[in-house]
Amino acid sequence: MRTTRRESNEIQVDPVDVLPVKTLDGKLHFRTVTKKSKLAEADPEEAEEDVLEDEHILNKSQRRAKAKRVKGGKETRDGSEVKELSAEESFENKKNRLAELGMLLLSDPEANIRSLKEMLDISKDENAKIVKLCLLSVLAVFKDIIPGYRIRLPTDKELEMKVSKEVKKTRFYESTLLKAYKSYLQKLMAFERQSVYNQVANRCICTLLDAKPHFNFRDNLLTAVVRNISSPDEVVRRLCCSTVRSLFSNEGKHGGELTVQAVRLIADQVKSQNCQLHPNSIEVFMSIRFDEDIGKRDREEANKKKFKKNDKRNNQEEQNQVQENERKKSKREMMSKIRDEVNADYKGVTYEPDAMERRKMQTVTLSAVFETYFRILRKTMYSIGESSTEEEDTTLNPGAFGPHPLLAPCLDGLAKFTQQLDLDYIGDLMNYLKKLASSSSVSTNSKKKNSKLLTVSERLRCCLVAFKVMRSNLNALNVDLQDFFVQLYNLLLEYRPGRDSGEVLAESLKIMLCDDRHQDMQKAAAFVKRLSTFALCFGCAESMSALVTVKNLLQRNVKCRNLLENDAGGGSVSGSIAKYQPYATDPNLSGAFASVLWELNLLTKHYHPAISTMAGSISNMNTSQNQTFLSAVTPQQAFADYSLVKESFEPKNESRKLSNKRKREWW
Amino acid sequence: MRPLDENETTVVFEKIFKFVGNNLKNIVENPSHEGPEPEPGRYCFRLQKSRVYYVSESLVKRATNISRKSLVSLGTCIGKYTHAGSFHLTIMSLNLLAANAKHKVWLKPTSEMSFLYGNHVLKGGLGRITDSIVPGDGVVVFSMSDVPLGFGIAAKSTQDCRKLDPNGIVVLHQADIGEYLRDEDEL
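Top line first, the protein sequences correspond to chains A and B. The opening residue of the first sequence carries number 1 in the UniProt record's numbering; numbering runs sequentially from there. The opening residue of the second sequence carries number 1 in the UniProt record's numbering; numbering runs sequentially from there.
With the rest of the complex left out, here is chain B (with noise of 0.2 Å):
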């Protein structure tokens, strides 16, 4: 387990900066009421076989303890390097991204499953949508209920959006919480 080095830590914020935008200083600065200590500590990243986690200082300190090859996980993995070297987010980190979201969608029940199987979103399946999209940024999908059920990125701006046909990709897909049963594995 290692910090992150300094072309690590751009990539990584490059990528979550696209759905959560300035909020980024909140997930950095966030306060962390975990562990005994009675003033709250702080969030920080860590770098362990090629995956990403995002956890509490005072967790990184008691996990300083544990060899690296027994290390499997801490805190909340965020996302992996690939072999070929570039950063992806899994879906294990929605939860950070749907708190934080700038651009949000919402889904009608009818075409919740079709997203949670893996397909892209369809314009007649939006619900709601922020304003002021544009296209490339990420965009986090929930449930009409506010469920987060996964993210992707954008393929059309809000005002186009209003303009496609019903069965234009408003969304597309990178993951979502069916990839819990279906990539099982590989997570």
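Bound conformation, chain A alone (with noise of 0.2 Å):
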């Protein structure tokens, strides 16, 4: 039913669009909407609640109330609806001057930066949109019209001194861009402690940094940044690692000083928080790109200075080569000089520090990249080293993301920079790798909790790292860690499918077993036992990961081949051991060669063909004819390939068999 009290606030809704309500009494009500619903914009708030209410059951008191909500507070018709227009139409204008202050600075930034104060002062208003929409738009703004140079506000000496009319004007419009600059820098420092402005003021600040890295006031910026690094909302810490990784790869723009500032404020925040940061904090020093020869060079420089001492023997060793060479001497001398004088003058133009400051630098980032990873190392190991002897965990609480949040990107970083660590850490480090591999996340008393200790993708991690870091510091000793092959021999039984990543376990499987040059006969016995009844028991990607690591260590090592054979008790090759230990926790102890690969037998048999192809090939090893071929797949591949995740059952294997034709011979 229609009043006409009602007229004044809501507009009626066609009752064909919205079936009208029936109440108790019997009354029919017809649906209505207010026209608030253009103030909607100015006052989310409010308009919710507007909306929500059931309009129908309006009474005069409540509409007047509604109409001092209003901003103004008057209560006739009139009032109303002239307030609320003026509302939507200051929004407009602000819009609109806001473009326009916006325009005019960037056509001339040097006459129109009196307006620059104005933006700021709309940033001022009570209305979040608009004070939204005005940050960035300064922000687009300062983008454009920040110079490529620091500036520098004139001394007193300097303001005293008579100057051209040019150079006043340059230096006004210098220090009213300064002045102008820090104050919407300390408004957004503001506006980010304010939940509504966090995400919009944590961009501005994101963006100032990147784009302009050299300016004035970076440190402040770069501080915000690191703090809000690992901030429980995604978007600003996804903001501001992406910023964090560009400043580290756009190492010309800053000059390198701001990698090793925020490596320190990275460092300091791990410290300050004890390691319970996101794992994306650390994953930014991925990003980082040492010179190669960092350390090195420092070694041979004090290689050098030890052997002046030698050097008047030398000298005349040297002496009777350099005659013969003078005119090539000369010629290098020139050419040498030239390139001196060409350095000088590109050094002169572009940010870059020379080669003596660059190396510093590195080297203190460096160091600061190590020293945090290590601390999250020694964090790792003393929480599970704690949680053994005390019962009652009052530290040790697990944060919000989890027990060892840090560990993984840790040693992930570890296996990438192994290069520049010295090799009297690599000792230390790979006790620490072994600490953390060999605890395990079985204990007897129920009372403690298991949060603490390593999963077991964390410690094949640790697994995998500590022979990245011997393979990249051969120095032509050849070191074979048995520690960790008797962590993954135990690894390979704890396995479980839906709780582990597969991924890391092809990793690992391949990196230990397949690249390594030379293997005990015993353990790869072992391994090749365990893995192929590894084999028999999970899925399709695993299975036909561990086949291939089999088919790996078969060919590699020949007397291996005894496991094919039906040789009871294990014939001449084996060692004091009878039988097999099928539960035998140190690979060279389980008597693997007494026993023989019957589950090749099963897995022929299984229902994905790729799988029984390569359990025939395997069993007819022996008694095939080509054998000199190694297979081209790794681990890693057969596990991707065949993963359910891809949930598809055509048998690749065979675009890649018919590649090679040898292949197609033996079978």
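Bear in mind the hints are in silico, worked out from the structure with no lab data behind them. Keep in mind that the hints are not guaranteed to be accurate.
[Unchecked claim] List of simulated lysine to any residue pairs, SDA-like, C-alpha gap at most 20 Å: (1) K434/A / D160/B; (2) K579/A / N23/B; (3) K579/A / I27/B.
All values reported here derive from a predicted model rather than from experimental measurement.
If you follow the hints, you should be able to join the two separate chains into one complex; please do so.
This is the structure we're talking about:
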């Protein structure tokens, strides 16, 4: 039923679109919508309340209250309408004003620098949307007008000097710009604390830092960005991390100093937060690029200093050689002179610091990065060690990110930067990794919480990193990492497909077993046996990666092919162990040579054609004619190909086999 | 023939521990399938004429029937006591040690012969080395094809080995299988 009272505030909705409601009294009420939908833009909270209310139960007092809420507080129909329009109009006006000022500034910054102040004043408005728009538009203006150099305000002496009009003009422009920038930044910092403006403020800060990392106040910007690098809000965090990453990769813009600072700040944050940060915060370290020979060059210089003592002896030898090459020497000198001149000119133009400074900065960065990594490792070790002694964990409650959030990116980073690590620390690092890898997640005491102990994937990662470190520091000495092999052997038993990452397993199989040049016979046989049992227990992907590893090992260690023959007691090759111990913890003592690979027989009847063919080919390895090729598939590839995530049942093997004609021969 | 007493057992075990570490319990508790008894017996140590032997229990039982003067040897001789009273492991314990060794070193084919003549192992002849070796550890020496060649004492840790020059001594020689030819009479 329509009443005139309601027409003032509400628009009638066509009953065809919205069905009427029948109350218990038997009356029909038609749905209405308020005119306040336009104000909803400006005051979102209020509008939501309005729309949600049941408008058809309005009475006089409620209407009056509503009219009062509208700015101005007039009760008459005309008054309220006038107020609504003006709010909307003012919104439009402000937007237009912002746009005008922005265009003015962009077209001629020097003349219109005062308009910046006006723009900033708009941000003091109550309307949240206006403030956000204002911040963003000022950001766009600053991005364009900030010059490519740091502004240094003139000292008192310089102010006293008489200067030309132009210089005065530039000085005025620069000082106004700097003042406005400063107040803008202060506003941003203040807004950042309020949750309404948090995202916008952060976006502004990040964009400014990204675009103009050379300008004044960059330290404050950097502190703000790094502070938010682990924020629970994902948008903010991703913004900050990508900014930091771009800082690291575009070192030319800021001359490397910001890298050092950023790394130092992150390290301090890790320390203060006691390693409870989001993994993204450490992943940014992966974007840092170091010169390859930082540490080595220092060592060479130190060596050179030592050898200076022997200079007198060496000089005589050198003199003889020098006389022969005088012409070449003079040529070389000329070339080096020219090169030096070019370098000096180049240095004057760019921001790049010279080699010594750069090396110093990189050394500082490197040490800070490694300090963070070692701190994370140590913390993980302590948290594991303490959980075995204390039953109550008062200090070790896992934070919002899980028990060891930073461990995985820390290990990845270590694997990437091991070449920069000094030999002395490698021993310590290996000890830590050994202890971490051997911490098991099975506890006998039910009171102890298992959450602090490392998962299978983390332990696998430790083994992986240990191998990568060892491989990159080979130094002509092939070290056999026995303990990590023992760990891998046991981890194979503890692996569970849903809980643990299969890719890490496949990668560790590849790096530890397939890539190694020479394998201990007993150990290889033990792994072959356990991996084939492993292949029986799990799905397609894991089985395939295990079988690929088995094939690789059997092709390389000819004596292990004894396992394919039915030779009871191991025959002549086995050691003193007469019987196979399936649950042995040490691969060397498992007595694998006393067993036979009966699992392959079962696997030839697998439902997946690729696995059955692979098992068949392994069984026939001894008797087949062609054994000269090594399979090109790695366990990781096999895992990726056959993983259920892709859910493709096409036997992809065939395309690869067709490329190699030999493979067709023996089956 | 008599079983070892307290002191002697400690001394023998200490020597073996240097080489095998925690696998010592494997040696002591190894089930032996020798003999007609259905249940596997164990291995034990016996002393005869200042030589220590590692024998299975079933064999020991039958050896008690032989008089002391006529008994030459039983089981595997692992070492002997010198006149001064100290115990040394001989080359004949190599099989036992090699199967349970914690620290291993693999020699390059070129330096195998040098070791078999009784020389120490130099860094240049090292093919592979186990991690985490401490100076003073017992080390078993293998060839690249995993044939045990002998054993010795580590002179340097694995870390130090990396910085060593190629003529530095890595393993001090104690026994090698060339002794079977050289010192035939003494064994």
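### Query
Of the numbered hints stated previously, which ones are contradicted by the structure, given in increasing order?
none
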